Amino acid sequence: MIWLMIAGMCLVTFVPRALPLVLGRNLVLPRWIRRWLSFFPYAALGSLIFPGILTVVEGRPWIGLAAGGCAALLALKARNAIFPVLVAIAVAVGLQLATGS
Amino acid sequence: MEQGAAAEVMRGVRAGVPVAVGYVPMAVAFGVLATQTGLSFFQAGAMSFFVYAGASQFASLGLLAGGASALAIVLATLVLNFRHFLMSISLSRRLSLPFALGFGITDETFVVASLEDLLTIRFFLGLIVTVYLAWLSGTLIGAGFSSLIPAVIARGMGVALYAMFIAILIPGVKKSWVNGLVAVAGGVLAWGASVALPALPSGWRIVIAILAASAIGALIGGGDETAVEEEKAA
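As you go down the protein sequences, you meet chains A and B in turn.
Each residue of the first sequence is one higher than the one before, counting from 0 in numbering that gives the first Met the number 0.
Each residue of the second sequence is one higher than the one before, counting from 0 in numbering that gives the first Met the number 0.
Bound-form chain B, shown alone (with noise of 0.2 Å):
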């Protein structure tokens, strides 16, 4: 077990490769849409470099626009990032993280993470920077460059968070049925709410679904609960 603390890095770097693939398009678009909404390049900028939250910023692009306050705006972004507080939970069972790197935590982030077998802290930095740098990346090159990816190229990198998300539930799902049958309530449900409740947004939708689901899991048994078990243990 005793490895490299560079080589520990650089696992959570190569784990945050296609998180970051997946994000350059949409922190692009980002960027495109802030400067188009009356954002500076600073502004577009400072937004992904001090809030870094994707479903937050656009929201606040579109509150924005729509003439709202900057206080309505702020509790917006408290209601649609909710769901990181039950994230940061979920992650803080698993080890000793400083507070700080809590910023990193973000919807794929939190997935990659928790999956990994060999979690530590400092593969979770090398993942967080990583995922950080390119959503950070991302949003200069469309706030400075507005449109010059075109547009075939850019929706097809869209795919790649759902293909990433996809590539890690798989294994989870081969060590037992029940991850697989959660996984599958969560977007049921998460389409159910998006169905019977369209002007709930889509954090609250997310925080549902895990909630629901996970409950589902917890009832059936099975899953990873000996893992917790032991590292309760450990």
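Here chain A stands alone, though its shape is the one from the complex (with noise of 0.2 Å):
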């Protein structure tokens, strides 16, 4: 039962990743479909940051937001996401910590 239902998953999962990929840039899209598709990413970004980033400690939203915002505006300079990626975690712990893990 478990490894027929991780088969099925794997079936529904690996499909719609690849079918746009097989029918690939031969699918000829109208000018206004493309300028959409072409907002998909920062629209995906959005939805994934927020609401998403209140709930990295649960009860103490502000700790997700204080370490976004330390990754903002290091990304402001920063050339990848490295740097600011390790400074967000360090200033979660940190933040966890001084008020009490």
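Among these hints, one or two may not hold up.
[What the hints assert, rightly or not] Subject to a maximum C-alpha distance of 25 Å in a straight line, what follows is the list of computed SDA-like cross-link-like pairs (lysine to any residue):
#1 A:Lys-76 - B:Val-16
#2 B:Lys-174 - A:Trp-31
#3 A:Lys-76 - B:Tyr-131
#4 A:Lys-76 - B:Gly-191
#5 B:Lys-173 - A:Leu-72
#6 A:Lys-76 - B:Val-183
#7 A:Lys-76 - B:Leu-118
#8 A:Lys-76 - B:Leu-117
#9 B:Lys-173 - B:Asp-116
#10 B:Lys-173 - A:Pro-50
#11 B:Lys-173 - A:Gly-93
#12 A:Lys-76 - B:Val-12
#13 B:Lys-174 - A:Cys-69
#14 B:Lys-173 - A:Ala-65
#15 B:Lys-174 - A:Leu-64
#16 B:Lys-173 - A:Ile-1
#17 A:Lys-76 - B:Ala-99
#18 B:Lys-173 - A:Gly-51
#19 B:Lys-174 - A:Ala-77
#20 B:Lys-173 - A:Ile-81
#21 B:Lys-174 - A:Pro-15
#22 B:Lys-174 - A:Ile-32
#23 A:Lys-76 - B:Gly-179
#24 B:Lys-174 - A:Gly-68
#25 A:Lys-76 - B:Val-20
#26 B:Lys-173 - A:Gly-58
#27 B:Lys-173 - A:Asn-79
#28 B:Lys-173 - A:Leu-75
#29 B:Lys-174 - A:Arg-33
#30 B:Lys-173 - A:Leu-85
#31 B:Lys-174 - A:Leu-75
#32 A:Lys-76 - B:Arg-10
#33 A:Lys-76 - B:Glu-7
#34 A:Lys-76 - B:Lys-173
#35 A:Lys-76 - B:Ser-175
#36 A:Lys-76 - B:Leu-63
#37 B:Lys-173 - A:Leu-73
#38 A:Lys-76 - B:Leu-114
#39 B:Lys-173 - A:Cys-9
#40 B:Lys-174 - A:Ile-1
Derived by calculation from the structure, the hints in this document are not laboratory data.
In this text, all values refer to a predicted model and were calculated from it rather than measured experimentally.
Grab the two chains, each in its own frame, and use the hints to assemble them into the complex.
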């Protein structure tokens, strides 16, 4: 039962991910759809950041916000994501310890 | 532009490191929860190895614990992962990826790859392998060693994904304010959907937010439209 479930889950996660790649760029799309698609990454980013960032530490939404704010400030100058990410982790751990883990 | 193949893959690996750091604690949590739900070490590992979809994997454990059938769980997985169909369509406009690499598309690898200026197949390969190995090894650690990681560190690492999202959003916003507006709209819509329709699975909240917020951007114009046109011409 578990193995059958895993096989089924494998199938229904892989097909939607791979199908558009099979069709590829041969698929001719109207201009307005291409324009719409070009914003998908930013819309996805927004919906992944918020409201999820409030729940990094349950019951203390400001810890996620503070760590995210630090990452945003550093990202204005940093050339890749690694440094802002490490600082954000340090801030999140530090704030938890400072406020009684 | 002539760049060594290995260097290109390594660029992808480096871009994947922040994602990998964020995946490990989630994967460890999944491994722990999976064994607590009654899956064996190998079943938990196989789930991350073959299914490789965080939200669906967690949801399946909840459904299993609730006594759901395999068919119901598979259907729920399809629903939760429909957003990757949209992301795959979007990526397929940028470059011709071998379809097998579609397996590596997640929310996180999609945004990192989409916002990479020099996106190539080798870059994508380096990115997805790094992230996949982090997810898999985290699952095995969680399933094998349960909770040896202090909770305060695990929670702190949970912020990594959000920090990475923010760090890759900022350059896009610098490029055009419309990108920032679309991201804000996406967040507000996702939050609004979670308040208005609490029963809606999170995968669908993201689908709604992506479709609606991108439509706002497309109506206003600007953004990366010119980039899309150039690629079309290229």
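Comparing the hints with the structure gives:
Distance restraint check for Lys-76 (chain A) and Val-16 (chain B): the Cα-Cα separation of roughly 19 Å lies within the 25 Å cut-off, and the hinted pair is therefore satisfied. Proposed proximity of Lys-174 (chain B) and Trp-31 (chain A) is supported: the alpha carbons are some 21 Å apart, at most 25 Å. Of the supplied pair hints, the one linking Lys-76 (chain A) and Tyr-131 (chain B) is violated, its CA atoms being roughly 29 Å apart against a limit of 25 Å. At roughly 32 Å between alpha-carbon atoms, Lys-76 (chain A) and Gly-191 (chain B) are farther apart than 25 Å, so this suggested pair is violated.
Our distance criterion of 25 Å between C-alpha atoms is met by Lys-173 (chain B) and Leu-72 (chain A), whose separation comes to about 13 Å. A C-alpha spacing of about 21 Å is found between Lys-76 (chain A) and Val-183 (chain B), which places the hinted pair at or below 25 Å, so the restraint holds. The straight-line distance between the Cα atoms of Lys-76 (chain A) and Leu-118 (chain B) is roughly 22 Å, inside the 25 Å bound, and the hint therefore holds. Under the criterion of a C-alpha separation no larger than 25 Å, the hint pairing Lys-76 (chain A) with Leu-117 (chain B) is consistent with the structure, at around 20 Å.
Annotation: proposed proximity of Lys-173 (chain B) to Asp-116 (chain B) holds, straight-line Cα distance about 14 Å (limit 25 Å). Proximity of Lys-173 (chain B) to Pro-50 (chain A) is assessed by CA-CA distance (about 23 Å); at most 25 Å being required, the pair is judged to hold. Note on Lys-173 (chain B) and Gly-93 (chain A): the hinted pairing is violated, with a Cα-Cα distance of about 30 Å set against a maximum of 25 Å. At roughly 21 Å between alpha-carbon atoms, Lys-76 (chain A) and Val-12 (chain B) fall within 25 Å of each other, so this suggested pair holds.
Pair hint Lys-174 (chain B) plus Cys-69 (chain A) holds up; C-alpha atoms about 21 Å apart against a cutoff of 25 Å. Distance check on the hinted pair: Lys-173 (chain B) and Ala-65 (chain A) sit about 21 Å apart at the alpha-carbon level, within 25 Å; holds. At most 25 Å may separate the alpha-carbon atoms for a hinted pair to count; Lys-174 (chain B) and Leu-64 (chain A) meet this at roughly 24 Å. Between Lys-173 (chain B) and Ile-1 (chain A) the CA atoms are separated by roughly 47 Å; this puts the pair beyond 25 Å, and the hint is violated.
Restraint check: the Cα-Cα separation between Lys-76 (chain A) and Ala-99 (chain B) comes to about 36 Å, which exceeds 25 Å; the hinted pair is violated. Between the alpha carbons of Lys-173 (chain B) and Gly-51 (chain A) the distance comes to roughly 23 Å, so the proposed pair stays at or under 25 Å and holds. Restraint check for Lys-174 (chain B) and Ala-77 (chain A): satisfied, since their Cα atoms lie roughly 15 Å apart, inside the 25 Å limit. Proposed proximity of Lys-173 (chain B) and Ile-81 (chain A) is supported: the alpha carbons are some 19 Å apart, at most 25 Å.
The straight-line distance between the Cα atoms of Lys-174 (chain B) and Pro-15 (chain A) is roughly 31 Å, outside the 25 Å bound, and the hint therefore fails. Between Lys-174 (chain B) and Ile-32 (chain A), the direct Cα distance comes to roughly 21 Å. Compliance with the 25 Å bound is thereby established for this hinted pair. The straight-line distance between the Cα atoms of Lys-76 (chain A) and Gly-179 (chain B) is roughly 17 Å, inside the 25 Å bound, and the hint therefore holds. For the suggested pair Lys-174 (chain B) and Gly-68 (chain A), the alpha carbons sit about 20 Å apart, so the restraint of at most 25 Å is met.
For the suggested pair Lys-76 (chain A) and Val-20 (chain B), the alpha carbons sit about 21 Å apart, so the restraint of at most 25 Å is met. Restraint check: the Cα-Cα separation between Lys-173 (chain B) and Gly-58 (chain A) comes to about 33 Å, which exceeds 25 Å; the hinted pair is violated. Annotation: proposed proximity of Lys-173 (chain B) to Asn-79 (chain A) holds, straight-line Cα distance about 15 Å (limit 25 Å). Restraint check: the Cα-Cα separation between Lys-173 (chain B) and Leu-75 (chain A) comes to about 9 Å, which is no more than 25 Å; the hinted pair holds.
Taken as a hint, the Lys-174 (chain B) and Arg-33 (chain A) pair is honoured in the structure, with Cα atoms around 19 Å apart against an allowance of 25 Å. At most 25 Å may separate the alpha-carbon atoms for a hinted pair to count; Lys-173 (chain B) and Leu-85 (chain A) meet this at roughly 22 Å. Annotation: proposed proximity of Lys-174 (chain B) to Leu-75 (chain A) holds, straight-line Cα distance about 12 Å (limit 25 Å). Distance restraint check for Lys-76 (chain A) and Arg-10 (chain B): the Cα-Cα separation of roughly 19 Å lies within the 25 Å cut-off, and the hinted pair is therefore satisfied.
Between Lys-76 (chain A) and Glu-7 (chain B) the alpha-carbon distance is near 24 Å, which keeps this suggested pair within the 25 Å criterion. Proximity of Lys-76 (chain A) to Lys-173 (chain B) is assessed by CA-CA distance (about 11 Å); at most 25 Å being required, the pair is judged to hold. About 17 Å separates the Cα atoms of Lys-76 (chain A) and Ser-175 (chain B), which keeps this hinted pair within 25 Å; it holds. For the hint linking Lys-76 (chain A) to Leu-63 (chain B), the alpha-carbon distance of about 46 Å lies beyond 25 Å, and the restraint is violated.
Distance check on the hinted pair: Lys-173 (chain B) and Leu-73 (chain A) sit about 14 Å apart at the alpha-carbon level, within 25 Å; holds. About 17 Å separates the Cα atoms of Lys-76 (chain A) and Leu-114 (chain B), which keeps this hinted pair within 25 Å; it holds. Between Lys-173 (chain B) and Cys-9 (chain A) the CA atoms are separated by roughly 38 Å; this puts the pair beyond 25 Å, and the hint is violated. At roughly 47 Å between alpha-carbon atoms, Lys-174 (chain B) and Ile-1 (chain A) are farther apart than 25 Å, so this suggested pair is violated.
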